[in-house]
Amino acid sequence: MYSHNGDNFFVVDGHLHFWDASPANWVSGQEQYAKGWIECFHAYMGLGPEETHWPIEKFQKYSEDDFVKDVFEDGHVDVGIFQSTYLKEWYSEGFNTLEKNAELVEKYPDRLIANGRWDPREGEAGLRQLEEDAKRYNLQGVKLYTAEWYQGSRGWSLKSPESQRFLEKCQELGIKNIHVHKGPTIWPLDKDAFDVSDVDYVATNFPELNFIVEHVGLPRIEDFCFMATQEPNVYAGLAVVIGGLMHARPRFFAKVMGELLFWVGEDKMLWASDYAIWEPRWQVEGFVDWTSPEDVEFSDYPRLTTDGKKKILGLNAAKLYGIDVPEEFQISDEAGEPAAREDAQLVDSA
Amino acid sequence: MNTRARVLEALSKVHDPELDEPITSLGFVTSCEVSPDSEVEIVLRLPTPQCAPNFAYLMAADARNAVRRLPEVGRIEVRLEDHYTGEEINAAIARGDGFAAAFPGETDDDQLDTLRELFQRKALVARQARLCKALLADGLTPEQVTERRVADLRDDADARRCLELRGQLGIGCDPDSPAFVAPNGEPVAAHELTLWLRKARLVRTSLDVNGSICRSLLQIRSRRGAELEKVGT
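The listed protein sequences correspond, in order, to chains A and B.
Residue 1 is where the first sequence starts when you use this note's numbering, and the numbers rise one by one after that.
Residue 1001 is where the second sequence starts when you use this note's numbering, and the numbers rise one by one after that.
Bear in mind the hints are in silico, worked out from the structure with no lab data behind them.
Do not rely on the hints blindly, as some may be mistaken.
[What the hints assert, rightly or not] Among the chain B residues that face chain A by a calculated CB cut under 7 Å, a handful are: (1) Q1050; (2) V1150; (3) S1206; (4) N1210.
No residue lacks a Cβ here, since even glycine has one placed at the ideal position from N, Cα and C.
Using the sequences and the hints given, assemble the complete structure.
Have a look at this one:
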């Protein structure tokens, strides 16, 4: 929780990691990819305030103590949601697997939630694994990487028939929250990793599932926004938006926030630190302090109030994950800024 | 102007297809050498080793084609450095091959053309938004703005780039054609202008934000590279 000027914020971090990217975990023959991946993440850390930068050695592998201090003690986070990321082609034990995340969840059961994953290319075995994981870890959500490499394939689409089977399985198992990575840093080749049209397709076909688009489709925010206006079950995952822009490029940050508030709306935006890429503390405190610049360029974006910040920092995610939020953090008025509903077909890929 | 200056000038016409900015002003051209017998060696470095191979290929191939148009230039080598698929892309460019040949069995050139066209349309929308906003700021009404013809456009960098993009997309740009068009080339009507501008502004924001992240990451990369070199000496 974070208290500031008499306001109490219940903080849910929608996307964090506890990874091991140290050289001991690199797959032999794949070292350049394992090294490149973590170095690329480390470059992103450079977009945060200088006093929060870590040396690469710590960044490759940080301790449980670091995690607890950065996230719970200093970072104001009440509940954190692990997005498991396997990358076993490059990391022998995985980058941050559900098993490893679950160990921490066991120690802090009220503070952490671990999401699972699936990959339609794993077929029947994948479906069975998903079922086992769901039962064993009581999964409420999964994180999907459509651009992940697998046995020579460099990506997949949610539109594929195999994906439909996995989504049906999710529905059956009560896994309601589907986080989809649509953002920077993964190799798009023939499959365009940033293309959000596959989310559009499944959001329509699976209205009972929630689709959280992580990194808001960066670098294609516009495609994401035009899609999200039309799909009531599509949410904006703000990992990278706050961490990558608020400090490094404050005016661009204000514009992106303005656009998201206009097109998507404050009820469907979820903050996430993307720890350990960035520590939560400066993000939470900075965001609570943040106001949009006054000049005319920003004048017709919706204003974000303290209540709006409360929703984005935790209340929206708490709803999706059924997290009990004590009364003192609730907001009295439920009225939110409605998102634009115009027919938003600007740039047709046809 | 010597050959190197002309090569750099040619490179300044090559745009990052995703950001719609010249690769020279983005800082992607890290070295450009011209030998006494006019052989050219160009090195490109992108903000991260994981920058999308499809866009990386387009920039490298466009750079080579732009320089090849200079009659005085001999052999040209374009090299993408510190990129995961650099080897494949460099080899394909050197052979004069397309993107598909760089990654056999993994993609085809049609997809690359579609992607390029999609981004040309986005770039056109975003550039037009800037021109349009300036006119509205000058006090023109939406009707007056949408009645503008190509001949009415001021001769500035944004307008020139718009016409270049229209040419590439096969959207008419004779002096009497409408100055502002939807991505499909249809003229924009006055009553649609507000929403059209809202959408266009979002596309503009997206391009600008990506450009700024790319610049930041490239700076961090160069700084770390310099630090490592210093440590090494």
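Each hint, compared with the structure:
1. Q1050: 5 Å, holds
2. V1150: This interface hint is violated because 21 Å lies over the 7 Å limit.
3. S1206: Holds: closest Cβ of chain A sits about 4 Å from B:S1206, inside 7 Å.
4. N1210: 4 Å, holds
The structure fails hint 2 only (numbered hints given earlier).
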